[in-house]
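Number of protein chains: 2
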Amino acid sequence: MEELIDLVGKAFVDHYYHLFDNDRPALSSLYQPSSMLTFEGQKIQSIEDITAKLNQLPFDQCLHVISTIDSQPSSFTGGIVVFVSGSLQLPGEEHHLWFSQMFHLIPLLEGHFFVQNDIFRLNYG
Amino acid sequence: MEELIDLVGKAFVDHYYHLFDNDRPALSSLYQPSSMLTFEGQKIQSIEDITAKLNQLPFDQCLHVISTIDSQPSSFTGGIVVFVSGSLQLPGEEHHLWFSQMFHLIPLLEGHFFVQNDIFRLNYG
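Protein sequences appear in the order of chains A and B.
For the first sequence, full-length UniProt numbering gives the first residue as 1, with consecutive numbering after it.
For the second sequence, full-length UniProt numbering gives the first residue as 1, with consecutive numbering after it.
By construction, these hints were calculated from the structure, which means they are not laboratory data.
Some clues are possibly wrong.
Some chain B residues judged to face chain A by a derived CB distance under 10 Å, without partners named [unchecked claim]: (1) SER34; (2) GLU40; (3) CYS62; (4) HIS64; (5) THR68; (6) SER71; (7) SER75; (8) GLY79; (9) VAL82; (10) SER100; (11) ASP118; (12) ARG121.
Backbone N, C-alpha and C define an ideal beta-carbon position, used for all residues, glycine too.
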C-alpha cells in the first residue's frame with residue numbers, strides 16, 4: 001500500500017509540473033470549484049482564480065526540477081497528501097529558486113484526482 | 001472563517017514547536033495510533049514509533065524559529081492543513097538548518113486537534 005501511494009504521488013507530481021512547464025493553462029483540469037491555493041501567502045480559491053494566478057506569474061518559460069516527493073494517505077477516503085521540494089529554473093537566471101509545495105489530492109472517478117489543497121512557498125535562507 | 005483557520009493553525013504551530021524545544025516527549029499527546037510521520041523520507045507510524053523517532057534525534061536542545069505559516073481547511077470536516085517554513089538552531093552550530101513541514105490536523109473534542117499527517121524536510125540549496 002505504501003508503494004502504491006508513492007507511485008500515485010510521483011505520477012501526479014510528474015504530471016503537474018510537466019503541465020506547468022509545458023502547457024500551464026491545462027493545469028485548470030486539476031482543480032475543482034472547492035480547490036484552494038495559497039501562493040507565497042496569497043489565498044486563492046476556485047478554478048478560475050487559481051488558473052488566472054498561475055498563468056499570470058511573471059515568467060513565461062520555467063523548468064521545475066524535483067528533489068523530493070513524500071506521499072501519505074490522508075483521512076479522506078482515497079485521498080493523498082503529497083509534499084514536494086525542488087528548484088525552479090527561469091530563463092536567463094543563473095541561480096535557481098528553491099521551493100516547497102504541498103498538495104492534498106482527492107479521488108475522482110477512474111483513478112483520477114483533483115487538487116483540493118495546494119500550498120506553495122519559495123525557500124529562503 | 002479564513003481568519004479563524006489562520007488563528008488555529010498558528011496556535012497549533014506555536015504549541016507544537018514550544019513542546020518540541022522544551023518538552024519533546026510531550027509531543028506524543030498530539031498524535032494518535034493512525035498518525036503518520038515522514039521524516040526526511042523515513043516513514044513512521046503510531047504514537048510510539050513517532051515519539052521514539054522525535055526523542056532519538058541526534059540533538060537534545062534546539063530552537064525552531066518560524067518564518068511562515070499557511071493554513072487551509074481540509075476536506076475532512078473541521079480538519080486543517082498547515083504548512084510551515086522556518087529554521088532550526090542547534091547549540092554550537094553557527095549556521096541554521098532551514099526546514100519545511102506540513103501537518104494535517106483532525107479535530108478531537110473541545111477544540112483540540114491531533115496530527116494525522118506530518119511530513120518534515122530540511123531545505124537544501
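Exercise for review: Enumerate the violated hints, using their earlier numbering and listing them in ascending order.
Suggested key: Hints 3, 4 are the ones this structure does not satisfy, whereas the remaining hints hold.
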